[in-house]
Amino acid sequence: MPENGRLPVRLKGVGDSLWVTIDPAVSAEELKTALKNPFEKLKKLAVNARVVIDPQNGGGRESEPLIEELGSYLKETFDVGEVRAATEKADPPEASAPQEIPADPLSDLRGDARIIAGRVRSGQKIHAENHLVILGDVNPGAEVIAGGDIIILGGLRGTAVAGQPDNEEAVIIALDFRPTQIQIGGLAAASDPNDAGRGKFPEFAKIDGTRIVILDYTKDNPFRRLAPPEKR
Amino acid sequence: MDGKVVVITSGKGGVGKTTVTASLGAALALQGKRVAVVDMDIGLRNLDVVMGLENRIIFNVVDVVQGKCKLKQALIKDRRINNLYLIPASQSDEKNVIQPENMKWLCKRLKKEFDFTLLDCPAGIEQGFKNSIEAADDAIVVCMPEISSVRDADRVIGLLYSRSIEPKLVVNRIVPKMVERGDMLSHQDVVDVLSIDLIGLVESDESVVVSTNTGLPIVMQKESKAGRAFNQIAMRMNGHPDLPVEDPMAPKSFWKKLGGRIGRKNRMQS
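These protein sequences, in sequence, are chains A and B. Residue numbers for the first sequence follow the working numbering, beginning at 1 and rising by one. Residue numbers for the second sequence follow the working numbering, beginning at 1 and rising by one.
One should not assume that every hint holds.
Derived Cβ-Cβ restraints for the label pairs, each shown as a range [as the list claims (entries may be wrong)]:
| id | chain 1 | residue 1 | chain 2 | residue 2 | range |
| --- | --- | --- | --- | --- | --- |
| 1 | A | R224 | B | G13 | 27 to 37 Å |
| 2 | A | L7 | B | M1 | 49 to 59 Å |
| 3 | A | D208 | B | D192 | 30 to 40 Å |
Simulated from the structure, these hints should not be mistaken for lab results. On a predicted model such as this, the values are computed, not experimentally measured, just so you know. We treat Cβ as the ideally placed atom computed from N, Cα and C, and that holds for glycine.
Isolated chain B (complex conformation):
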């Protein structure tokens, strides 16, 4: 059976699309799926750095669609995680060297090989966005609890709906302390406006910055709250859609506190 093509998009830049793509790719691969992640941000490639694979790039997605290399040659295998592959973006071209027809062709081929193809969509709603959603079966909209991010996400959701794609929502970089103080929108406010299915809530986590710089996937760091959230999102995508979404605002239960005391912090991971 053919796999799924999932586009990860947000409208606004800097909300964590690339981190979400890299993390979900790693998490799905760790759960035993065959995963390809494609960097669609032609001209401003990042995904390779976040995944720690930049020094192994020979061919990129533009070379593939222009027929300069075979698909297999452009797929960079992650050495730490089995079944995880990256197709990097080109750093020297412009977005319009790829057309929507090219993406249809590419995704059709990737679907045959991989269970999940994750497309890291560039910011904006221009050519790069249009290319990315052309062949997508599903979409994940990443949104920060911030008014400008919500508005851009809303626009993108409208555009996705007009192409009959029903997106799922990830609220990224929640700072529970700020929400408690009333200085940040709560995820309920975000869901209220966007009114699409929530697939995950990710707390703001310093270890994400560390992981981005070192290229070590956040989902492999057992201590990280964000890593755990990404693992759970991957599970929801991967046949467990009803797994409850953990609310970072919920008061910690007695048992979790106790578990923390006696050193069983990561029971959820095992």
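Extracted from the complex, chain A is given alone in its bound form:
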């Protein structure tokens, strides 16, 4: 029954629980019918959910039996987990403090990468400010360019340009490493047309002194010895 234009029941998600604001002036039966519709819409989300019922009158003793009745109704009908009354001076849902995230010692080690899924075809160019991850193949005639590393979870047959303009620490990794040309920082290397037998296993390119070398990733993983984890 709308009273003063307000619904007898309002539902809000607060933190990890559902905050149900009820109008204590309305009878329990009417509240149940009003609760039925929103909870049915929630379907499985309501199962085992925590429900807080807020009777809007400061949690006085007089509304306890009502809350208990509604609680048992919700548990039976919609399998909700725990039902309790809003405690204290009904702290309004809006004011509920954001949950504190437990401090993660590695949380500041955040890199920045552009992740692209799909095949990069001839004539297409993909740029990334920092690292670039391609979930797919890079075809001949395609170009992938990054400020940092280039990681290709697929075949590299086009041109890969990493570490632009002058990051000589950058690496290029591909699961099937058969590029037309690669560049890292200011150095470039072309593929050997006679070396057709390569590929089909993960390799990576890095700068060693003044030239680019290509190594078997499974044997010479450059990151294996990094402990503790470093930001890239």
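Guided by the hints, dock chain B onto chain A, whose structure is given.
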């Protein structure tokens, strides 16, 4: 129900777009469909010659879109094959006399009349290509087992995908002996790079040159391997998408050899 507009394209020139268009047009018409083939290579028309219809051209596709003639007047009927019609290109104009809107209009009308409208796309990715793909429902990308052809086909596939057209692949002019020697890419290599659905493998066949010069459709020559491959591609387009693609590299089976000995070479055709 409206028919389909299929563009036949490749990016690179000289890989056999025109032959594929003419052959598939003829094959589909022989399978009982109403087919129109449109030469989109304005300025460098060829399809009419390949189909042996050059001496009957009065109006062309430019005349149609400019309203100089009716659509019916520009459609040249093939005398040997029922239900096969050609709209030739103009030899004297440039590609930009036709705009994409014109093609939308033209294809809409052709779709009402024909089950299949095949557009023979010019080489390149400029105006002629843009016109051709504007109104296409489907696309066939023709590619030769050759690195430059694969790269251009890849570019074209990227452009088709950006217009939400999922192309099918025809690998044309395979020379099995060269593939065996390792002097030519195998069709698996091509499919590996392009990664789109394969709709047909066509072996290199001398009779294609003969047919191009004489204007007699290759699909009507029962002895031709290429002709058979084109017939099968047409069947895949025409309601039999699951017909297996014959691998020209596969060793000939005992039964086929035996069939060849006792003179039943073309059982597949009947």
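These are the hints, each one checked on the structure:
For the pair R224(A) and G13(B), the supplied restraint of 27 to 37 Å is violated, since their beta-carbon distance comes to about 50 Å. For the pair L7(A) and M1(B), the beta carbons lie near 51 Å from each other, so the given range of 49 to 59 Å is met. A beta carbon spacing of about 31 Å between D208(A) and D192(B) agrees with the range 30 to 40 Å that was offered as a hint.
In this structure, only the earlier hint numbered 1 is contradicted, and the remaining ones agree with it.
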